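Trainee: Chain residues, written in single-letter form:
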Amino acid sequence: MKITVGGETKEVKDGITISELIEQEKVETPEYVSVSVNEEFEKKENFAARQLKDGDVVEFLYFMGGGQ
Amino acid sequence: MKITIKKSDYEKILSHARKERPDEACGLIGGVDREDGVREIRKVYLLTNVDHTSEHFSLDPKEQLAAVKDMRANGLKPLGNWHSHPASPSRSSQEDIRLAFDKKASYLILSLMDDNNPVLNSFHVEDGVSTKEYLEIV
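Line by line, the protein sequences give chains A and B. So for the first sequence, UniProt numbering puts the first residue at 1; every next one is plus one. So for the second sequence, UniProt numbering puts the first residue at 1; every next one is plus one.
In short, the hints are calculated from the structure, not lab data. In this text, all values refer to a predicted model and were calculated from it rather than measured experimentally. All C-beta atoms in this analysis are idealised placements derived from N, C-alpha and C, irrespective of residue type, glycine included. Check the hints yourself; a few may be wrong.
Stated by the list, open to error - No more than 30 Å apart at the CA atoms, straight line, and that leaves these computed lysine-lysine pairs for DSS-like: (1) B:K104 to A:K13; (2) B:K2 to A:K2; (3) B:K69 to B:K104; (4) B:K2 to A:K26; (5) A:K2 to B:K69; (6) B:K2 to A:K44.
As the list claims (entries may be wrong) - Not close to chain B: a few residues of chain A, all C-beta gaps over 10 Å, as computed: (7) K2; (8) E23; (9) S34.
Generate coordinates for the entire structure from the input sequences, incorporating the hints supplied.
Mentor: Okay, structure coming up:
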């Protein structure tokens, strides 16, 4: 099936989970990455169970913060 | 690395940072990595500091997503972020370094410690080390 990841269309296995996609995409420090699917943010505890569907649009966003 | 920011964009974040005081202000930078090795900021984004404090900032993920989509729509890529230090120098704090998870990003810090002489620097953070980049306001 085809999904869009970070603006790029990719062919992935049917039913791939968010966790599997994070691993496949070699996302660094995944514990600090938010994931949105079709503009809805998914909770981290659901990453392993949430299966993606054909046509889904996925974004990985690094947490950005700091302090003086 | 050399990184450039337009004077109008610099003034945009300066104005926003002053307005947000005493809280830290923050946002994203979008642009291009040119073939000559120069990182060119072409658009700055003013985002909400969801921490609403003078000592910390966190970007709003929804605004972050909207900004990234806008960058793509304009042929730009996310280059990093910027934030203000209302009362401390323009250098990466321990917390800034600890929370810099993207090795490819440039982290701009605007100091308002001396309001008459604001200072903007850019940093690359990798493996716990913050390195100053050569930032030019053009």
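Trainee: Could you grab the alpha-carbon distance between K2 (chain A) and K69 (chain B) and see if it respects the 30 Å cut-off?
Mentor: The hint holds at about 19 Å.
Trainee: Taking 30 Å as the top limit, are the C-alpha atoms of K2 (chain B) and K26 (chain A) close enough?
Mentor: holds (27 Å)
Trainee: Is it the case that E23 (chain A) keeps its Cβ farther than 10 Å from each residue Cβ in chain B?
Mentor: Non-interface label stands for E23 (chain A): nearest chain B Cβ at 17 Å, farther than 10 Å.
Trainee: Over 10 Å to the closest beta carbon of chain B is the bar; see if S34 (chain A) clears it.
Mentor: Incorrect as stated: the minimum Cβ-Cβ distance to chain B is 5 Å, not above 10 Å.
Trainee: Holds or violated: K69 (chain B) and K104 (chain B), Cα atoms, limit 30 Å.
Mentor: Holds, because 18 Å separates the two Cα atoms, which is no more than 30 Å.
Trainee: In terms of Cβ atoms, is chain B entirely out of 10 Å range of K2 (chain A)?
Mentor: Holds, since 18 Å exceeds 10 Å.
Trainee: With a cut-off of 30 Å on the C-alpha distance, tell me whether K104 (chain B) and K13 (chain A) pass.
Mentor: holds (28 Å)
Trainee: K2 (chain B) and K2 (chain A): Cα distance at most 30 Å?
Mentor: violated (38 Å)
Trainee: Quickly compare the C-alpha distance for K2 (chain B) and K44 (chain A) to 30 Å and report which way the hint goes.
Mentor: Violated. K2 (chain B) to K44 (chain A) sits at ~36 Å, over the 30 Å cutoff.
Consistency note: the structure conflicts with the earlier hints numbered 2, 6, 9.
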